[in-house]
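There are 2 protein chains.
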Amino acid sequence: MAFSEFRPLDEKSLREYIKAVPSLSSKLGNNFDDFTIKEVGDGNLNFVYIVVNSAGSFVIKQALPYIRCIGESWPMTKERAYFETLTLKEHGRLSPEHVPEVYHFDRTMSLVAMRYLEPPHIILRKGLIAGLEYPLLAEHMADYMAKTLFFTSLLFRSTTEHKRDVAEFCGNVELCRLTEQVVFSDPYKVSQYNRWTTPDLDRDVEAVREDNLLKLEISELKSKFCERTQALIHGDLHTGSVMVTRESTQVIDPEFAFYGPMGFDIGAFLGNLILAFFAQDGHADEVNDRKTYKEWILKTIEDTWNLFHHKFIVLWDEHRNGSGEAYLPEIYNNPEVQLLVQKKYITDLFHDTLGFGAAKMIRRIVGVAHIEDFESITDASKRATCERRALDFAKKLLKERRKFEGIAEVTVAIRQLQY
Amino acid sequence: MAFSEFRPLDEKSLREYIKAVPSLSSKLGNNFDDFTIKEVGDGNLNFVYIVVNSAGSFVIKQALPYIRCIGESWPMTKERAYFETLTLKEHGRLSPEHVPEVYHFDRTMSLVAMRYLEPPHIILRKGLIAGLEYPLLAEHMADYMAKTLFFTSLLFRSTTEHKRDVAEFCGNVELCRLTEQVVFSDPYKVSQYNRWTTPDLDRDVEAVREDNLLKLEISELKSKFCERTQALIHGDLHTGSVMVTRESTQVIDPEFAFYGPMGFDIGAFLGNLILAFFAQDGHADEVNDRKTYKEWILKTIEDTWNLFHHKFIVLWDEHRNGSGEAYLPEIYNNPEVQLLVQKKYITDLFHDTLGFGAAKMIRRIVGVAHIEDFESITDASKRATCERRALDFAKKLLKERRKFEGIAEVTVAIRQLQY
Numbered sequence: 001m002a003f004s005e006f007r008p009l010d011e012k013s014l015r016e017y018i019k020a021v022p023s024l025s026s027k028l029g030n031n032f033d034d035f036t037i038k039e040v041g042d043g044n045l046n047f048v049y050i051v052v053n054s055a056g057s058f059v060i061k062q063a064l065p066y067i068r069c070i071g072e073s074w075p076m077t078k079e080r081a082y083f084e085t086l087t088l089k090e091h092g093r094l095s096p097e098h099v100p101e102v103y104h105f106d107r108t109m110s111l112v113a114m115r116y117l118e119p120p121h122i123i124l125r126k127g128l129i130a131g132l133e134y135p136l137l138a139e140h141m142a143d144y145m146a147k148t149l150f151f152t153s154l155l156f157r158s159t160t161e162h163k164r165d166v167a168e169f170c171g172n173v174e175l176c177r178l179t180e181q182v183v184f185s186d187p188y189k190v191s192q193y194n195r196w197t198t199p200d201l202d203r204d205v206e207a208v209r210e211d212n213l214l215k216l217e218i219s220e221l222k223s224k225f226c227e228r229t230q231a232l233i234h235g236d237l238h239t240g241s242v243m244v245t246r247e248s249t250q251v252i253d254p255e256f257a258f259y260g261p262m263g264f265d266i267g268a269f270l271g272n273l274i275l276a277f278f279a280q281d282g283h284a285d286e287v288n289d290r291k292t293y294k295e296w297i298l299k300t301i302e303d304t305w306n307l308f309h310h311k312f313i314v315l316w317d318e319h320r321n322g323s324g325e326a327y328l329p330e331i332y333n334n335p336e337v338q339l340l341v342q343k344k345y346i347t348d349l350f351h352d353t354l355g356f357g358a359a360k361m362i363r364r365i366v367g368v369a370h371i372e373d374f375e376s377i378t379d380a381s382k383r384a385t386c387e388r389r390a391l392d393f394a395k396k397l398l399k400e401r402r403k404f405e406g407i408a409e410v411t412v413a414i415r416q417l418q419y
Numbered sequence: 001m002a003f004s005e006f007r008p009l010d011e012k013s014l015r016e017y018i019k020a021v022p023s024l025s026s027k028l029g030n031n032f033d034d035f036t037i038k039e040v041g042d043g044n045l046n047f048v049y050i051v052v053n054s055a056g057s058f059v060i061k062q063a064l065p066y067i068r069c070i071g072e073s074w075p076m077t078k079e080r081a082y083f084e085t086l087t088l089k090e091h092g093r094l095s096p097e098h099v100p101e102v103y104h105f106d107r108t109m110s111l112v113a114m115r116y117l118e119p120p121h122i123i124l125r126k127g128l129i130a131g132l133e134y135p136l137l138a139e140h141m142a143d144y145m146a147k148t149l150f151f152t153s154l155l156f157r158s159t160t161e162h163k164r165d166v167a168e169f170c171g172n173v174e175l176c177r178l179t180e181q182v183v184f185s186d187p188y189k190v191s192q193y194n195r196w197t198t199p200d201l202d203r204d205v206e207a208v209r210e211d212n213l214l215k216l217e218i219s220e221l222k223s224k225f226c227e228r229t230q231a232l233i234h235g236d237l238h239t240g241s242v243m244v245t246r247e248s249t250q251v252i253d254p255e256f257a258f259y260g261p262m263g264f265d266i267g268a269f270l271g272n273l274i275l276a277f278f279a280q281d282g283h284a285d286e287v288n289d290r291k292t293y294k295e296w297i298l299k300t301i302e303d304t305w306n307l308f309h310h311k312f313i314v315l316w317d318e319h320r321n322g323s324g325e326a327y328l329p330e331i332y333n334n335p336e337v338q339l340l341v342q343k344k345y346i347t348d349l350f351h352d353t354l355g356f357g358a359a360k361m362i363r364r365i366v367g368v369a370h371i372e373d374f375e376s377i378t379d380a381s382k383r384a385t386c387e388r389r390a391l392d393f394a395k396k397l398l399k400e401r402r403k404f405e406g407i408a409e410v411t412v413a414i415r416q417l418q419y
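From first to last, the protein sequence lines are chains A and B.
Note that our numbering has the first sequence beginning at 1, numbered continuously upward.
Note that our numbering has the second sequence beginning at 1, numbered continuously upward.
In short, the hints are calculated from the structure, not lab data.
Careful: at least some of the hints might be erroneous.
The list treats identical chains as one, so a pair stands whether inside a single copy or across any two.
[Claimed, not checked] BS3-like, lysine-lysine: derived pairs with alpha carbons at most 30 Å apart: (1) Lys399 - Lys89; (2) Lys299 - Lys224; (3) Lys382 - Lys311; (4) Lys396 - Lys299; (5) Lys399 - Lys343; (6) Lys395 - Lys189; (7) Lys38 - Lys89; (8) Lys38 - Lys299; (9) Lys311 - Lys224; (10) Lys403 - Lys343; (11) Lys311 - Lys189; (12) Lys189 - Lys396; (13) Lys344 - Lys396; (14) Lys224 - Lys89; (15) Lys396 - Lys224; (16) Lys291 - Lys189; (17) Lys189 - Lys344.
Make the full structure from the sequences, and use the hints.
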């Protein structure tokens, strides 16, 4: 350990820190003459540095005891770096192709060092705004979600392992509370942090606050988020937590991780793809009307769910004689009951996914944290039109999610709302 | 602490222990000449001693590292005494009229001393077998359940308090696993521990193991039991965990306590009342046909649920501007939405209650632990008839619970199955 107590690093002190930590300095071939440090934290919460020299590279992420994008007025435990690291390691073990390797963790400093995702890796959200297609994205995300969610659930785990890990991640309560507030509460009430495209969406925002059926549904999802310890979820799996090239898909930033409902992760990803879809009209121009790209997004939404569903069931079938507590082989190993329980499990998960996806969409339009997909549409009236379509769709999805029987019905409904 | 390491006590060593512990010896007026110790543990798990002299009295309960009724071949952590004590204290704080006071706890010895529930207190189950009416039972149990469940849920608690306590009670995993096995698994498969009235119920037991729809339903309840941290539940709230007189109702033995679904407690109590109902025909004789008593049991079932419902909603309304995370006042404080969310919450809880109640009934007929209500019917064929009616009703309740809209519909269905 390089420092005996916490201090926020800057480029200069980080340089000293790296020299003092063998696992980091060895990555640079112990050559400290030519290495460069660049601060790149464009997220909402942390400081992120890229460290590179001719021998190697890594990323350093340090959590400060407040939320970076708001400032010291919104304190937030720096212990989140510990839970992020635990999750990077556990999800990395389960899905090594899609999670960056952890090189070093320093709990005192709330600092984690991990693989630098070199160019041309970019944040998926930026790729979606630029209109870039990622042919392997659905396959990769389905694989990551199927593995991380299946193997940390009671479909694979014993209750002993499950309760031990649930207890550990109860420690990440401050990050859970942040989600409870900004996803499940603030958008449905007057809050100093809420923002929206005004005055265009003023009535829409009010309508959300006055919609009793919407509040009924969001309360059910909030209870599931707070009470259902289904799997070790990423907790913030939007398109800004994924880095991509055409060949590679890497999931980063699991500092919100805890034992929660699987649908919260799948919904976050699909919901943000739907937001990207509704933002496309704001990015269309004479050169590119984005019509083909919109179809690609819809196909990616369908493929992600369908591939996830397939991979999840394959894992279940492979491990149905394992030690998972939920469906003991002596009870459930006949084809008919196996089909029944899997169908019910997936149907419930699908409806959770749509509900949480809708909740994540709504909060990005009327809550504190907006997304570049919409924010980069400079014409406010055009942006409001895109946002209103997305909001209307999300409200419908949240209230009527149990009527949808498959993902194709969802993309049909999205198409119907686009004009 | 009287002993520096764990040892099972007998009457002689307990005598020395009491003398060495001031909080206990003072209860006896520090007079050790005349005090008597009587071992009375008739439960399945522990050793229980009643200690009395002219100055005072108390009960000593010691957990040994195995299950008493099975023996050392079924090990079980003695740490359960710690979780029992935690829960006696917390539930006792919330419902002091219905939980015996804790005088002393010794974690090393897995020993708890508490109020002796003096005669005429008897175990409720024995009263039900004897055909005794308890006019305040429904009111008292409704009060106990409403308070303990409401105040330990997110209707009253902040997420911070909730996750802290959830984490603590994850430590009681061995007792949770025991319930998972004997309630949710063993009855639905071949298990060395299962027992039933044979040969009369052989076909019925087989039918349970071959009923795919029943297995589908029990899997959903098992998942809720393992994953849903709704409130600090007693975890074993059958009629053997309640001591009564005509005026007093005392809930004991919460060693299975953890953060689980509320319906598991309410269902355990109502399910065991339904079992008591179906056992009555086996206790009828020329002197007493038990018809009036059966009506009293049905009324007690209805009253318990209806009073619980009423009291729970009163607590919710009283505390709706409090710090409970689930329904923030800024969002839910309009009469229309308040009605909507309360109706949904109670409907879901009602169906959980019926499902868990049914599961607890089934396991008492085909699983390892039977109940005196049936066991005391010496004529096997008569007993089998009573058990079969109860089993058929429980299967129907488990599979069709969502069709029941109120407790009166349940008692109507019970009546229909009695002949």
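Outcome of the hint check:
In this assembly of identical chains, Lys399 and Lys89 lie within 30 Å of each other by CA distance neither inside one copy nor across copies; the values are 37 Å within and 42 Å between. When the C-alpha separation of Lys299 and Lys224 is checked against a cutoff of 30 Å, the pair qualifies only within one copy, where the shortest distance is 29 Å, while the shortest distance between copies is 34 Å. Proximity of Lys382 to Lys311 under the C-alpha cut-off of 30 Å is found in neither arrangement, the shortest distances being 39 Å within a copy and 52 Å between copies. With identical chains, the CA atoms of Lys396 and Lys299 are at most 30 Å apart within one copy only, with a shortest distance of 21 Å there and 44 Å across copies.
When the C-alpha separation of Lys399 and Lys343 is checked against a cutoff of 30 Å, the pair qualifies both within a copy, at 22 Å, and between copies, at 17 Å. Within a single copy, Lys395 and Lys189 get their C-alpha atoms as close as 15 Å, which meets the 30 Å cut-off; across copies the closest is 44 Å, which misses it. For the homomeric pair Lys38 and Lys89, the shortest alpha-carbon distance inside one copy (25 Å) is at most 30 Å, but the shortest distance between copies (55 Å) is not. For the identical chains of this complex, Lys38 and Lys299 are neighbours neither inside a copy (37 Å) nor across copies (74 Å), given an alpha-carbon limit of 30 Å.
Taking identical chains as interchangeable, the C-alpha atoms of Lys311 and Lys224 lie at most 30 Å apart whether they share a chain (24 Å) or sit on different chains (24 Å). In this assembly of identical chains, Lys403 and Lys343 lie within 30 Å of each other by CA distance both inside one copy and across copies; the values are 15 Å within and 21 Å between. Taking the closest pair of Cα atoms, Lys311 and Lys189 come within 30 Å of each other only across two copies (28 Å); inside a single copy the shortest separation is 39 Å, beyond that limit. Proximity of Lys189 and Lys396 under a CA criterion of 30 Å is satisfied intra-copy only: 19 Å inside one chain copy versus 43 Å between copies.
Taking the shortest Cα distances, Lys344 and Lys396 sit within 30 Å of each other both inside one copy (23 Å) and across copies (20 Å). In this assembly of identical chains, Lys224 and Lys89 lie within 30 Å of each other by CA distance both inside one copy and across copies; the values are 26 Å within and 28 Å between. In the homo-oligomer, the alpha carbons of Lys396 and Lys224 lie at most 30 Å apart both inside one protomer (20 Å) and across protomers (28 Å), since each shortest distance falls under that limit. Taking the shortest alpha-carbon separations for Lys291 and Lys189, neither the intra-copy value of 36 Å nor the inter-copy value of 55 Å comes in at or below 30 Å.
In the homo-oligomer, the alpha carbons of Lys189 and Lys344 lie at most 30 Å apart only across protomers (21 Å), although the nearest pairing inside one protomer, at 34 Å, exceeds that limit.
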